[in-house]
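Visitor: Could you put together the complete structure from these sequences and hints?
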Amino acid sequence: MEPIVVVGSGASGVHFALTALRKGRRVLMLDVGHTARGTVRPSDSLNELKKNLPDPIDYFLGSRYESLVLPGGHGEYYAFPPTKQHVFKKPAGFQHRASGFNPIYSFAAGGLAEAWTGGCYPFTARELNKFPFSYEELAPYYAKVAENIGINGADDDLTSVFGWQGDLMKPLDLDDHASLLLDTYKRHRTVLKEKFGCSMGRARCAALSKELPNRKACSYCGRCLWGCPSGAFYTPSLTLDECRTYPNFQYIPGLYVDHFRMDNSGKAKTVVASSAKGEIQEFAADSLVLAAGTLCSAKIFLESIYRNTAETPELRGVMDNRQILMPFVNLRLLGRKWNPNSYQYHQIAIAVENANEHLHGLVTTLKTALIHPLVQTLPFDLGTAVSVFRNIHGALGMVNINLSDERREENHVKLDVTTTPHRLSIQYRAKPDEPQRLKRAISTYRKILRKLGCFAPSRTVHIRPMGSSVHYAGTLPMQSTRVPLTCSKYGRSHDVENLYFADGSTFPELPAKNITLTLMANATRIAEEAF
Amino acid sequence: MNNTSQLERECHTYTQYLIGQSPSPYVVNRYLDFHQKSDAVRASGFDAFDRFLVSLSARRPFWAGMADSYASVFRKDSVVRKKLVVTLALLECAASSFEALDDVQGLSLAATIFQLSWRALRYSLLLGASVLVFTPVRIVTSLSLKPRALPVLER
Ligand SMILES: Cc1cc2nc3c(=O)[nH]c(=O)nc-3n(C[C@H](O)[C@H](O)[C@H](O)COP(=O)(O)OP(=O)(O)OC[C@H]3O[C@@H](n4cnc5c(N)ncnc54)[C@H](O)[C@@H]3O)c2cc1C
Ligand code: SF4
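Each protein sequence line maps, in turn, to chains H and W. Under the working numbering, the first residue of the first sequence is numbered 19, with each subsequent residue one higher. Under the working numbering, the first residue of the second sequence is numbered 462, with each subsequent residue one higher.
In short, the hints are calculated from the structure, not lab data. Check each hint, because a few of them may be wrong.
[To be verified] To be clear about the criterion: a stretch of chain H counts as covered by chain W if any three or more of its residues have a C-beta under 8 Å from a C-beta of chain W, and this derived list gives those stretches: (1) 64-77; (2) 81-91; (3) 354-365; (4) 384-396; (5) 404-412.
[What the hints assert, rightly or not] 25 Å max Cα-Cα, derived BS3-like pairs, lysine-lysine: (6) H/K355 x H/K69; (7) W/K498 x H/K108; (8) W/K498 x H/K102; (9) H/K107 x W/K498.
[Stated by the list, open to error] Below, a sample of chain W positions facing chain H; criterion: calculated Cβ distance under 8 Å: (10) F495; (11) K498; (12) S499; (13) A501; (14) K537; (15) V547; (16) L549; (17) A555; (18) A556; (19) F559; (20) L562; (21) G567; (22) Y584.
Think of the CB as a built atom: it goes at the ideal place given N, C-alpha and C, for glycine as much as any other residue.
Guide: Quick look at the structure:
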């Protein structure tokens, strides 16, 4: 019997593979699989790295200064560090066309979540309403994933918003700023709830507060943004490493999967991939699982349909969470010192649930991120800005607010066959009521922050382009009825019998929440129940 | 003055201006390296006035402040600002300059607000002065001087 062929080693692919391997199935994983340079000085804290590395500027800004943000740049508040540039590197010749959408791809071993910020939020029963299975069916898989990756969190006011409250590790130590925000919230809890439907509490993060086999507990070294040196912070390459310990697993990186060929009965027969040198390789497949991320899986599927039938269908309903970045200053912390030796990503979350909207905001307090991208945005000369920034550094934070999305006909991906090589074409139009939704969301969060003793200047609020949240979903949704260009509740294609989708392609809706925990749980469910 | 010594001078003056210290030889080397590798300070879009701002700002921290104040409102993406941001980025990654940037005095809230207000007032005064000095220069350079390249190191 041929192995199950899985395309992609991202969060979805590795959780599918690990489950299939544990069931004794043979798995062949094909991947482009770009990798990072190795970890440097694993026991140093961030500031020790600045002191001890022979060339710290090379480490923090890159040998070609690729992480340096200059005036007139891209408008984001940070650039990805050199240690994570491989996550976004594209294979030569890879192209796309996009309108109203700013897609981000990963061709790394481990995929996009090699650069993620670790937020793990289960969907509630209400948020799974359009999925063809119940919350109770998914809950055991949330637990399995949590056991594999380690998630910390607390039972607090956000429990009802997060739904599942499984076996969480105790939360990490809070930094002073996050701690002050939570204390202030507790004093104003009732009024915040009544006025805005606001609940606040500890975030759920994929970072270890206690040791696991082969992974240390978080040491608060402050290096999260540059890549955790001890494995305390979860990335999918850790699960890929675990898969590699199984004799029934074969991983072939360096291959770009272009399409699959079908036999006369309409089943996928072989997978066609090319190496960086352009050598074509073909692999026999009894079952093919596409876990290349929503957009890349769509590209492989559409290319295959075109090659086998000369048709170019549109995959309708692509979704992403619109995100708003809202920097704020906590007025009580002006001039206060801050501790660089702390966990760097979000530690608290602010949810808003009212009749109009459910919103999910992740709060990050500023610590060791590079400051030059922020200093240059202050409305002063740089000499003044440096001095002002020193005094407000410990008081700064940012809320990243997520809005929900739904599948709409006008938002689609299709194959553009007018170019060689063919390229994916993505079109996205926001809903007409989006400006009002954004306005309401901004106003609500600014008021909540004010109540928490913080000021969020309106001119610094940044509405990120669609595509920036990288929560892509909805192109080949799961549904119970057999309709073309959809799949079954087990991710099995309704068009090609032995083809499965194990990533965000299958999601019929997108709540205002980070998606990856549900991606991992769903991929685990598909491997467990369909294979 | 050759290109290297002009760039070294910029790095020294800008570091003094930003953190009140001299740059380490490592930072100076990296400043030169940046000018060798990056197109950002050779790209089109800068003119005789940009060139004037850079050469004046490299003389003394005071002039760096004047040029920077003016650019912070009227030339946000100017070369002088880019060079200052490059200097800042290099300083924040290297010992011991990162400590100077992170150093907080830990004053009381009232003292901090007073200090911030004083900095803002000082900035407004400097901005006003820079407008008086640089507006005529800008008019003159736009009429008379031809654009020339800024110093870079050969690749
Ligand atoms: C900065 C950042 C922060 C984020 N933070 C969070 C967060 O806090 N919480 C959260 O839930 N989510 C977060 N996300 C989103 C999260 O990373 C993604 O949702 C998730 O990684 C998607 O996983 P995936 O496996 O479905 O796809 P991907 O991660 O895109 O993986 C795709 C895999 O397929 C391979 N591949 C693609 N095309 C081909 C091909 N043609 N041939 C061979 N191989 C191919 C790639 O090499 C890769 O291994 C964040 C993302 C970013 C960028
Ligand atoms: S999670 Fe972050 S703070 Fe904790 S050990 Fe890893 S890099 Fe250090």
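Visitor: What are the numbers of the hints that this structure violates, sorted from low to high?
Guide: none
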